[in-house]
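Taken in order, these protein sequences are the chains called U and Z.
In terms of UniProt numbering, the first sequence opens at residue 1 and continues consecutively.
In terms of UniProt numbering, the second sequence opens at residue 1 and continues consecutively.
Keep in mind that the hints are not guaranteed to be accurate.
For chains that are exact copies, the list does not tell them apart, and a pair is met inside one copy or across any two.
[Unchecked claim] No farther apart than 25 Å at their CA atoms in a straight line, the calculated lysine-lysine pairs in the DSS-like style are these: (1) Lys372 <-> Lys580; (2) Lys67 <-> Lys367; (3) Lys130 <-> Lys458; (4) Lys153 <-> Lys257; (5) Lys130 <-> Lys264; (6) Lys77 <-> Lys402; (7) Lys153 <-> Lys264; (8) Lys580 <-> Lys354; (9) Lys372 <-> Lys577; (10) Lys375 <-> Lys20; (11) Lys339 <-> Lys67; (12) Lys257 <-> Lys150; (13) Lys354 <-> Lys372.
Because the hints were derived from the structure by calculation, they are not lab data.
There are 2 protein chains.
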Amino acid sequence: MAWQYRTVHCGEVTKEHVGKEIVLNGWVQTRRDLGGVIFIDFRDRTGIVQIVFNPEYNKAAWEVADKVRSEYVLVVKGEVVNRAPEAINPKVQTGEYEVHISEIQILNDAKTPPFPIEDDLNVDEQVRLKYRYLDLRRPEMQRSLILRSKAAKAFRDYLDTNSFVEVETPMLTKSTPEGARDYLVPSRVHPGEFYALPQSPQLFKQLLMVSGLERYYQIVRCFRDEDLRADRQPEFTQVDIETSFLSMEEILPMMEKMVAHVFKETIGVDVPTPFPRLTYAEAMGRYGSDKPDIRFGLELTDVSDVVANSDFKVFASVVAGGGQVKAINAKGCGHYSRKEADDLAKFASRYGAKGLAWIGIKDGELKGPIVKFFKEEEINEMKKRLDVEEGDLLLFVADKPKVVADALGALRSKLAAELGLIDHSQFAFLWVVDFPLVEWDEEAKRYVALHHPFTRPKDEDLHLFDTDPGQIRAQAYDMVLNGYELGGGSMRIYKRDVQEKMFKALGFTPEEAREQFGFLLDAFEYGTPPHGGIALGLDRLIMLLAGRTNLREVIAFPKTASASDLMVNAPDVVAPKQLKELHIDTIVEEEEKVQA
Amino acid sequence: MAWQYRTVHCGEVTKEHVGKEIVLNGWVQTRRDLGGVIFIDFRDRTGIVQIVFNPEYNKAAWEVADKVRSEYVLVVKGEVVNRAPEAINPKVQTGEYEVHISEIQILNDAKTPPFPIEDDLNVDEQVRLKYRYLDLRRPEMQRSLILRSKAAKAFRDYLDTNSFVEVETPMLTKSTPEGARDYLVPSRVHPGEFYALPQSPQLFKQLLMVSGLERYYQIVRCFRDEDLRADRQPEFTQVDIETSFLSMEEILPMMEKMVAHVFKETIGVDVPTPFPRLTYAEAMGRYGSDKPDIRFGLELTDVSDVVANSDFKVFASVVAGGGQVKAINAKGCGHYSRKEADDLAKFASRYGAKGLAWIGIKDGELKGPIVKFFKEEEINEMKKRLDVEEGDLLLFVADKPKVVADALGALRSKLAAELGLIDHSQFAFLWVVDFPLVEWDEEAKRYVALHHPFTRPKDEDLHLFDTDPGQIRAQAYDMVLNGYELGGGSMRIYKRDVQEKMFKALGFTPEEAREQFGFLLDAFEYGTPPHGGIALGLDRLIMLLAGRTNLREVIAFPKTASASDLMVNAPDVVAPKQLKELHIDTIVEEEEKVQA
């Protein structure tokens with residue numbers, strides 16, 4: 001038999017095929033010989049179906065099947081039959097059927113793979129990455145890739161329907177002094193010069209608005225040469241969007257609907273819109289985070305005023321020094337041992353907290369070493385604000401606002417996970433808005449842009465440029481989901497006078513501004529429309545859609561924490577001739593060589 | 001008035017808007033003051049509409065309009081009215097209407113641009129590239145970008161409907177010794193090591209087939225550090241496709257339908273399928289090109305056998321030496337002067353032809369210096385084969401087959417253009433198939449792969465591995481349109497024994513093969529399905545769709561022939577600190593510095 005293309009996919013055999021002859025292409029998952037009858041779980045990207053070889057169906061096919069091993073590639077032909085009731089496997093989509101094979105061809109054989117091709121694998125990730133081509137055979141990895149493809153399609157369909165134009169921007173572009181570290185690409189034609197890989201197409205998308213394109217998008221690879229964390233990759237993909245003539249009140253609903261469309265089309269989940277909004281101040285105040293997970297409570301409660309005049313000097317002096325005292329109420333943790341409380345304190349200290357005070361509620365009474373310092377009315381007010389009940393545990397941090405937020409924010413997430421407060425079926429979207437436009441850089445002794453120097457201030461805050469730039473709120477917004485920042489954006493400055501005020505606030509002379517931002521400022525002189533946009537991290541969004549916790553699970557060929565590709569072995573040394581053509585040489589210190 | 005988002009686009013004002021109040025956003029194309037009434041051609045990405053300011057409509061708006069100049073950004077509100085019959089402008093889509101403006105706000109002013117924002121611009125391309133953000137305001141550039149976006153969408157829709165999965169492959173990957181020159185990216189984390197930007201995702205797409213993904217696609221940026229021509233860019237985009245379990249006879253029709261879908265969806269043209277196919281041998285023989293433009297005839301005719309024994313020694317000796325004599329009949333060029341014929345000879349010499357012999361047909365007789373050398377039966381046979389008529393001009397090249405093909409192939413295209421033989425409304429697709437698998441490299445004294453070492457030979461030619469590898473035809477195919485290669489692909493080798501024979505033919509020992517192709521050969525051991533694919537050059541396809549002749553017209557931010565971006569000024573020097581972090585230094589010779 002010449003091999004033939006399938007008539008049906010393995011995972012898609014249904015009762016309509018019963019009694020009919022079908023052709024399948026795929027891989028041998030497992031093979032069992034039961035009393036001279038060979039059963040093979042046969043797999044393709046859609047799933048698995050059982051195929052059966054019996055000398056009674058066809059002796060020649062049965063003889064070939066006897067030589068078959070795991071991961072062999074086959075084409076088989078046979079008749080679909082209903083399994084006997086006792087043989088039905090309810091765990092498999094096609095578990096009610098099997099295919100009695102009359103013809104088989106081995107398209108290819110296979111060595112035994114270094115790990116079995118199955119989900120819930122307990123194999124070192126390094127091995128999975130080295131043999132990524134086998135790792136990607138596992139059903140959950142295939143599902144991730146297919147989900148990712150569907151999500152990208154859903155983004156595009158929505159944006160296309162809304163008159164967005166996809167424009168490709170350069171990968172070989174120019175290094176920018178601000179921002180993260182660039183990946184550089186030496187030029188062969190221009191000795192001593194370099195391209196940079198883009199950290200984002202920010203510059204180009206704003207220029208496309210100057211060009212009058214009005215609605216731009218791109219699903220685009222970006223690059224940052226930073227030290228990696230679990231949720232960072234040196235190359236990552238973003239859904240990059242920019243619009244003209246729209247206000248923030250028009251852009252945000254459009255983006256909400258886009259994300260809702262993607263969730264509906266991919267995993268069938270209805271995401272309610274509009275998303276709730278929190279100001280940056282509220283988010284930091286109530287959740288200790290600018291990307292709060294609002295699937296659970298455990299909010300931070302400010303008790304600074306309550307304890308300001310208390311006899312507990314630690315609290316009183318922090319408040320007197322301009323700091324804060326905040327608490328969270330860990331419901332039902334009143335029984336925690338001293339050791340458990342100490343562990344929480346240790347955890348909080350990682351976020352800069354010098355201590356973690358606590359009060360437990362047992363038998364209707366407040367207990368703990370600091371209780372004695374508070375007057376009755378102070379106790380009563382705390383009880384009221386923190387909604388105290390029997391069995392609660394109050395946890396206090398007293399420090400500068402940033403430390404209080406970081407420590408209690410982290411503690412809040414930790415406790416929620418440990419106490420099982422998180423509904424993992426929920427997708428809790430929100431916008432965080434009203435970010436500060438600039439923040440004071442203690443080292444540089446000047447204000448720096450929180451987002452970038454083209455972020456538009458709120459109209460009603462423009463007057464603060466002259467008096468208190470640190471209080472200006474930006475027309476900037478982050479989309480947050482379940483404690484992750486999915487992306488952010490802003491309205492951009494398009495008027496020259498506002499841009500000049502911004503540069504002045506950042507301490508740039510007009511000459512310095514021109515030197516640093518050069519032709520972009522030129523471009524803005526030729527009739528720039530009001531514009532603004534957003535960039536969403538696609539990798540992270542897919543990770544959340546797929547219910548995973550590691551970006552590498554939703555990227556086909558990811559890099560490790562040391563930015564290596566273990567499969568192709570990149571980066572690697574190159575031929576001296578290549579470097580010579582690029583007018584560069586490597587400068588590797590002896591000690592570095594040892595490290596590498 | 002606070003500015004407001006448009007209710008309708010400029011180019012989309014129709015009779016349904018007459019009598020209604022609309023809001024427009026856009027740019028001032030031109031402004032004319034006729035007797036105290038101000039007429040503005042108002043532009044957005046959809047087109048132009050005339051807006052009119054008259055103190056009678058609104059005095060305040062008229063006063064603001066008086067300050068407006070070209071490229072100012074406005075929001076205006078007004079009533080759509082029919083123009084008087086004599087004022088209708090049939091050249092403009094909205095030429096029957098104008099908008100009487102009652103409110104205006106200047107959103108931004110503009111300096112006078114360095115060139116007018118209009119089509120058919122006669123401006124140096126360097127200036128257009130430096131001010132690309134203004135160049136892209138021109139309607140024809142906007143149309144190109146929108147067409148490109150639509151085409152990409154049409155590709156994706158077709159592939160999605162056909163169960164293809166879009167998978168993103170790495171940009172930071174490994175340098176490969178074969179092929180074109182790589183762009184390199186120094187690693188900060190691994191001193192002395194480099195990533196390479198991909199020339200194509202070939203490796204990864206084959207690995208995805210090993211992974212069982214079955215149908216992969218990606219619209220992906222690729223990089224080649226080669227010296228540039230008009231139709232080359234250092235970074236380019238390809239539609240990259242790979243499939244498993246399909247044969248070439250299933251892949252080619254699928255790809256034809258895909259391209260036909262794109263043409264239909266973008267420019268409304270019906271592309272007939274199936275595409276004609278030419279073997280490589282036919283294409284070279286009849287058209288002197290492996291990417292022939294079949295919109296016109298002027299085919300090459302072999303007269304080697306006719307002239308082999310003639311008295312014209314130049315021809316006879318070439319044939320005796322294993323060469324060819326071929327001719328094209330330039331219909332109606334019999335009147336060409338000796339100078340004109342000499343110019344053609346000079347042109348042919350650029351392609352290696354040592355001479356261009358000619359015979360004209362005038363008054364029923366063959367004329368020209370070589371006619372006397374041929375016997376009557378030789379003349380008659382040439383007349384017959386070349387379909388000679390009054391006024392024709394026969395042009396002969398005698399040389400090695402490659403030179404004959406190159407010279408006459410180029411001459412054929414040149415003459416077709418000059419003689420107006422090309423129907424520019426036609427899209428003449430074809431497949432060129434049956435490429436040789438390998439070709440002899442005279443320098444290396446060994447066979448080299450014409451495509452790559454994983455290209456599958458035709459089954460019926462497998463026996464030639466032992467006797468005459470140069471005669472083996474590959475299961476490779478190029479899609480050709482109007483003389484341009486749109487892309488190419490092949491079926492890949494998936495059986496170990498065939499791969500071993502291929503490596504042997506290429507002169508590799510098993511160890512050398514392993515060293516060069518490493519883990520890809522490992523991967524192929526674990527159950528590789530039959531697979532094959534194609535890559536289409538998106539930039540070139542869009543160029544042809546848009547009826548342009550220069551790739552830079554369909555790329556938003558292209559590079560020049562010296563691989564520079566004149567707008568952002570890339571490449572450029574970088575800070576010494578950046579190089580130090582990357583463990584590299586620049587080695588720039590003094591003479592290079594002067595050049596740079």
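Under a CA distance limit of 25 Å, which applies to Lys257 and Lys150: within one copy, between copies, both, or neither?
both (17 Å within a copy, 22 Å between copies)
Tell me, please, which holds for Lys339 and Lys67 at an alpha-carbon limit of 25 Å: within, between, both or neither?
neither (61 Å within a copy, 75 Å between copies)
Lys354 and Lys372: within-copy, between-copy, both or neither at 25 Å Cα:
within (21 Å within a copy, 108 Å between copies)
Could you figure out if Lys375 and Lys20 sit no more than 25 Å apart (CA to CA) within one copy, between two copies, both or neither?
For Lys375 and Lys20, the Cα distance exceeds 25 Å both inside one copy (84 Å) and across copies (71 Å).
For Lys77 vs Lys402, is the C-alpha pair at or below 25 Å within one copy, between two copies, both, or neither?
neither (67 Å within a copy, 48 Å between copies)
When no copy is specified for Lys130 and Lys264, does a C-alpha distance of 25 Å or less occur within a copy, between copies, both, or neither?
neither (35 Å within a copy, 43 Å between copies)
Go through the copies and call it for Lys130 and Lys458: within, between, both or neither, with a Cα cutoff of 25 Å.
neither (50 Å within a copy, 33 Å between copies)
How would you classify Lys67 and Lys367 at a CA-CA limit of 25 Å: within, between, both, or neither?
neither (73 Å within a copy, 75 Å between copies)
Within, between, both or neither, where Lys580 and Lys354 count as close if Cα-Cα is 25 Å or less
For Lys580 and Lys354, the Cα distance exceeds 25 Å both inside one copy (55 Å) and across copies (38 Å).
If the cut is 25 Å between Cα atoms, do Lys153 and Lys257 qualify within a copy, between copies, both or neither?
both (15 Å within a copy, 20 Å between copies)
As a check of your reading, is Lys153 near Lys264 (CA-CA no more than 25 Å) within one copy, between copies, both or neither?
Classified as both: same-chain Cα gap 12 Å, cross-chain 20 Å, threshold 25 Å.
Could you place Lys372 and Lys580 in one of the four classes (within, between, both, neither) given a Cα distance threshold of 25 Å?
neither (75 Å within a copy, 59 Å between copies)
The structure is inconsistent with the numbered hints 1, 2, 3, 5, 6, 8, 9, 10, 11, although it conforms to all the rest.
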